[in-house]
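J.: Given next are the chains, with one letter for each unit.
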Amino acid sequence: MIEKTHLDNIREIRHLMERSSRFLSLSGLSGIIIGLYALATAFISAWYVRQHGYDVESYHLLAFLPNGDTNNAFLNFHIYLAVALLLLSFLTAWVFTRQAASRQGLPSWDATAKRMTINLLIPLFAGGLFILALLQRLEISLVIPAMLLFYGLALLNASKYTFNDIRFLGLLQILAGLLAAFLPSYGLWLWAAGFGLLHILYGIMMYYKYRQ
Amino acid sequence: MKEIIYAINKEFESRVRLGIMSVLMVNDQADFNTLKELLELTDGNLSSHLKGLEKAGYVKARKRFVNRKPNTTYSATRAGRKAFEQHLRALEQYIRKQR
Chain A
1 MIEKTHLDNI
11 REIRHLMERS
21 SRFLSLSGLS
31 GIIIGLYALA
41 TAFISAWYVR
51 QHGYDVESYH
61 LLAFLPNGDT
71 NNAFLNFHIY
81 LAVALLLLSF
91 LTAWVFTRQA
101 ASRQGLPSWD
111 ATAKRMTINL
121 LIPLFAGGLF
131 ILALLQRLEI
141 SLVIPAMLLF
151 YGLALLNASK
161 YTFNDIRFLG
171 LLQILAGLLA
181 AFLPSYGLWL
191 WAAGFGLLHI
201 LYGIMMYYKY
211 RQ
Chain B
1 MKEIIYAINK
11 EFESRVRLGI
21 MSVLMVNDQA
31 DFNTLKELLE
41 LTDGNLSSHL
51 KGLEKAGYVK
61 ARKRFVNRKP
71 NTTYSATRAG
81 RKAFEQHLRA
91 LEQYIRKQR
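Keeping their order, the protein sequence lines are chains A and B.
Under my numbering, think of the first position of the first sequence as 1, with each following residue one higher.
Under my numbering, think of the first position of the second sequence as 1, with each following residue one higher.
These aren't lab readings, by the way, just hints derived from the structure by calculation.
Ideal Cβ positions, reconstructed from N, Cα and C, are used throughout, including at glycine.
Hints are all accurate, no fakes.
Among the chain A residues that face chain B by a calculated CB cut under 10 Å, a handful are:
#: 1; residue: Asn9
#: 2; residue: Glu12
#: 3; residue: Ser21
#: 4; residue: Arg22
#: 5; residue: Asp110
#: 6; residue: Ala111
Mimicking SDA-like on lysine to any residue, the simulated pairs with C-alpha atoms at most 20 Å apart in a straight line are:
#: 7; chain 1: B; residue 1: Lys10; chain 2: A; residue 2: Glu12
#: 8; chain 1: B; residue 1: Lys10; chain 2: A; residue 2: Asn9
#: 9; chain 1: B; residue 1: Lys97; chain 2: A; residue 2: Leu7
#: 10; chain 1: B; residue 1: Lys36; chain 2: A; residue 2: Gln104
#: 11; chain 1: B; residue 1: Lys82; chain 2: A; residue 2: Met17
#: 12; chain 1: A; residue 1: Lys114; chain 2: B; residue 2: Phe32
#: 13; chain 1: B; residue 1: Lys63; chain 2: B; residue 2: Leu46
Construct the complete structure from the given sequences, taking the supplied hints into account.
T.: Written out as structure tokens, the structure is:
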């Protein structure tokens, strides 16, 4: 009898430690959907590039027209595309996370959620501003590596405040970013692998592991 | 056996106190309402246990005003951390011996 209460106590201690320090309502389903958005975005971009008579492997060179002028149409199209993807993804993550939290009977915006979000957003904001600087200087070949790298660092940073699995996802994004930095002609492929495929695979894994 | 039972700390015998310490072990600090939500307690119940832990020197309270409302945050003292760890070790040993 005494043993049983002690075991219960230990179980409760563990539960409280985890529940009070980590945000555990991330939704695997939203990962899958965001991954699909990203794949669709990569396809749209590849389609655009092909439409204009280039191939996807020379992607990083397309900031300039053959006559040396900046290719504003290409740049603007991709900036709009990226911003649309970002907004849609945030909205999706927010909606699904709220649902997951309410199904668990937990508040979706408590101290752990705030801590996770802040730690995710710090590297993400730094990355966003850095990419703006890259665009201003027309260093287009570094935009995709920077997106993957900063996103990976953001996940790595946020993983301390949510599921540990996110840490490995962050490391994989960093790896994809570094590969893209050294192999610029594979940029779009690596971008699709990082933001698309990895999100989908991770979403499926999280969905089955935590059923949400 | 006797020394193990002795090491199981009387201050942590209540579930509420155990819960409070669990939260404060992994968070630098937690305010009253957060603790209340996590442990699903009434104000009176929580504050009496917090007072008990404060008296034992395991928990430190800091009172502030946030938007003119009083807000008390709690953190575990070094003595509290040590006592809690000892308590956990004792529980672990106790359970192991029972098997």
